[in-house]
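Student: Here is what each chain is made of, one letter per residue.
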Amino acid sequence: MEGTNDPPAMKGTELTSVNSDCYSAPMTTGVIAPGSLTKRLLRRAVRVFDVAATPYGVDRYVELVRPSWSSTEIRAKVIGAVRTTERSVTLTLRPNGNWRGFRAGQYTQLGVEIDGVRHTRCYSMTNSANAHDGTIELCVTAQPQGRVSGHLVRTAKRGQIMTLTPAQGFFTLPDIEPAHLLLISGGSGITPVLSMLRTRNALGWTKPVTFLHYALSESDLLFGDELDALAQGALGVRVLKVFTDAPGTGDLDGFFSTEQLDSADIQWRNAEAFVCGPAPLMDSVRSAFDRSSRAEHCHTEAFTLSHFTAEAGTIDGAVRFAGSEIGCSSDGTPLLLQAEAAGLRPLNGCRMGICHTCTRQLHSGVVRDVVTGELTNGPDVNIRICVSVPVGDVEVDL
Amino acid sequence: MTTVAEAHGLTPAQLDALAQEFDALRARVRSELGEVDVAYIRRLMRIQRWSEVVGRASLFLGFLPPFWLTGVGALSLSKILDNMEIGHNILHGQYDWTNDPALSSTEFEWDSSCPAKGWQHYHNYLHHTFTNITGKDRDLGYSVIRISDTTAWSPINLGNPLYAVGLAAIFDHGIMLHDVDVAQVREGTKPWEEAKPALRAGLKKSGKLAFRDYIMWPAFTGPLFLLTLAANALANLIRNIWAFIIIFCGHFPSGVLEFTEAECENESKGHWYFRQVLGSGNISGGRLFHIMSGNLSYQIEHHLYPDIPARRYQEIAPEVKEICERYGIPYNTGRLSRQFGSVIFKILRFALPSRKKSKANQAPPTQPDAEPIELLAA
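For the protein sequence lines, the chains are Z and Y, in the order given. Be aware that the first sequence starts at 1, since it is given in our numbering, and climbs by one per residue. Be aware that the second sequence starts at 1, since it is given in our numbering, and climbs by one per residue.
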């Protein structure tokens, strides 16, 4: 799933441990153990050799013989790429020693190079967070105009090296087993909740869990066999599939409604719910929980696509300077000018797009180059702020 | 007073048309950038790193002349590639479009005494914006060499040849001190307080490199300490002299022009392009030569498009030349011996007072001391 860098904080956290990043979280819900003593000593030795290898650092030399090695970057090798449907590919990746594991429901930013340019997109891990086999699994579904998802579905194969970021996200399986778990997903939103179900089983939890999944039809269903196996292989698991384009073929019919949820699981009003899918589905589920005064027990994973076709002319939007935590409403001028109007003093030089002194990272959103008219789309791309005008909402690291 | 543009018969309208053509060329090249460019720079970085590994390893047998020479040669190659084709180009932002942190102009650090950030300030910004504007482009003579008669003569200029040789020998330190603005501090135009941070950063960087080259690696080779130290020093010297030669051929060969501040005030994009062409000189040569010079042998193309990957300059040069011809703009290029020969001549010539009276009382000259404009000299 194409995800966002900053998911909303979880509501109702009595049953979950609040963590601002996965490093500080108590790693109870299954995490691959950090490196052994040898590995830690090796990392320390590396820092000494960094002096001998100044100014590049040891990384750039070891890379010559082992591309996946890095003392700081998380790199992963693709060890499996299986295409179960026409529009999706399930990747199995082996990250290097810098990967610190994840909590079920979290995502990583996968970096892949397309025609020389590195693009990053968010994907949720689908495997059990408790598996200690040193691999992670991601499922990529090609979005209609998705450059990265399309590329991966078409060309991903064993042996390729990609980059990852540490696991992120607050949408995670609680540490303490809830009395009743409700997992709802639609389409490619199945990925984080599937990890939750797999982890729940691996942990040996036994309290009831209902997994309700929406797909267009059987042929679009991801992980169908896995879901059946998970239902059979453990206590208390109930899996229900709904095919919205093919009535009569699934366990239930039609789109989400409170009545449908009643037939799926009559105890849902006592459950802790985790929902991930298209916006309409998540909105409907949230409304149902709101109406039953159970709003804080409904947790959702929001994701947005930052790519859209911009029309010519100024488009209104909010500009956010992440580093300074200042925001303003875009006035259509280049970001450098808007930053200066907001009282910031970004480093700059020629102010005409040539010297690259003002290069900063675009965290999210779209900008237009005033010289060439070219549109550049985040996340995490370099832009020259003196010639970049925001198109819609943007966030820059200033 | 005739401006350079007027002297070449170019009206503002023509300069606008020129801007459109050069802009279009840039947009086309920009859209073609892709995997082949990234693969190229990565291959070069691999070659550079392997050279360094081979060089350092060879010196462990440095008591045998062939190994010592291999050490010097491989290390020189590694430093030259790092400084020129790799470092200079990455720091220009030529590969920022890849979003690869290893190729990012904000992350990259190079094997030269001048810290990357400091160099970027005075090079990417000051030099490339104010190219060849008398009084604003500090690269004209690097503040120690009198390179044209737009600078008034004084007895200290008699040392020109000496300063040139000295600068060449310690060129990477020279660049570091150039960033610190040592000359300006001496003159009194820049307060010492302002220059201190740059000097501190520069000394820290050059200190680290000196420690690596003159203490750490020699120490690793044990009894061969002095031999290794000598080899590293020689490699640095070779890199410095080579860089000096190439860089001085960029803006000082005969035929390259200077501009006044007045004629460049509020200049149009077209005039900016025009100034970049006339303020630069190319060197002709084979493919290997171009790589070893970091494609600064295509100084004109580099100044037109500083942030386009340098490997593209060779393919667009014929088109740039053709555009220049149509607008009657001289395109300065020549063999290394010719270009550098004319630079040496200038260094010697301007060590002495100019034959013409100082222009202080008249309108500033439009070009340094009436050199004939040479079109495509061989």
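Because the hints were derived from the structure by calculation, they are not lab data. Fair warning: this is a prediction, and the values are worked out from it, not measured in the lab. Just so you know, even glycine gets a beta-carbon here, dropped at the ideal spot from N, CA and C. Errors might be hidden in some of the hints.
Said to hold, decoys possible - Pair ranges (Cβ atoms, derived):
| # | chain 1 | residue 1 | chain 2 | residue 2 | range |
| --- | --- | --- | --- | --- | --- |
| 1 | Y | 197 | Z | 41 | 32 to 38 Å |
| 2 | Y | 314 | Z | 325 | 45 to 51 Å |
| 3 | Z | 161 | Y | 265 | 47 to 53 Å |
| 4 | Z | 325 | Y | 34 | 32 to 38 Å |
| 5 | Z | 217 | Y | 322 | 58 to 64 Å |
| 6 | Y | 32 | Z | 145 | 20 to 26 Å |
| 7 | Z | 318 | Y | 237 | 52 to 58 Å |
| 8 | Y | 241 | Z | 316 | 55 to 61 Å |
Unchecked claim - Partial list, computed: chain Z residues near chain Y (C-beta under 8 Å):
| # | residue |
| --- | --- |
| 9 | 54 |
| 10 | 61 |
| 11 | 62 |
| 12 | 66 |
| 13 | 68 |
| 14 | 117 |
| 15 | 122 |
| 16 | 355 |
| 17 | 381 |
| 18 | 382 |
Student: Tell me if residue 68/Z is really an interface residue toward chain Y, meaning its C-beta lies closer than 8 Å to one of theirs.
Tutor: Since the shortest Cβ distance to chain Y is 14 Å, the answer is violated.
Student: Verify the CB-CB distance for residue 161/Z and residue 265/Y against the hinted window 47 to 53 Å.
Tutor: 51 Å, holds
Student: Honestly, do residue 32/Y and residue 145/Z meet the 20 to 26 Å range at C-beta?
Tutor: Once the Cβ atoms are compared, 23 Å apart, the range 20 to 26 Å for residue 145/Z and residue 32/Y holds.
Student: Range first: 45 to 51 Å. Now tell me if the beta carbons of residue 314/Y and residue 325/Z are that far apart.
Tutor: 47 Å Cβ-Cβ, so the 45 to 51 Å window holds.
Student: Using Cβ atoms only, decide whether residue 355/Z comes closer than 8 Å to chain Y, and label the hint accordingly.
Tutor: 4 Å, holds
Student: Please verify that hint: residue 122/Z, Cβ, nearest Cβ of chain Y, below 8 Å or not.
Tutor: 15 Å, violated
Student: Could you say whether the range 58 to 64 Å given as a hint is met by the Cβ separation of residue 217/Z and residue 322/Y?
Tutor: 59 Å, holds
Student: Hint validation: residue 381/Z versus chain Y, beta carbon distance must be below 8 Å. Holds or violated?
Tutor: Residue 381/Z check passes; min Cβ-Cβ to chain Y is 5 Å, inside 8 Å.
Student: Looking only at beta-carbon atoms, does the pair residue 241/Y, residue 316/Z fall within the given range of 55 to 61 Å?
Tutor: About 57 Å separates the Cβ atoms of residue 241/Y and residue 316/Z, which means 55 to 61 Å holds.
Student: Starting from the hint 32 to 38 Å, judge whether the C-beta atoms of residue 325/Z and residue 34/Y obey it.
Tutor: Because 37 Å falls inside the window, the suggested range holds.
Student: Should the interface hint for residue 66/Z be scored as holding, given a Cβ-Cβ cut-off of 8 Å against chain Y?
Tutor: Hint on residue 66/Z: violated, closest Cβ of chain Y at ~13 Å, above 8 Å.
Student: A range of 32 to 38 Å was offered for this pair. Does it hold for the Cβ distance of residue 197/Y and residue 41/Z?
Tutor: At 37 Å between Cβs, range holds.
Of the hints listed earlier, those the structure fails to meet are numbers 11, 12, 13 and 15, in rising order.
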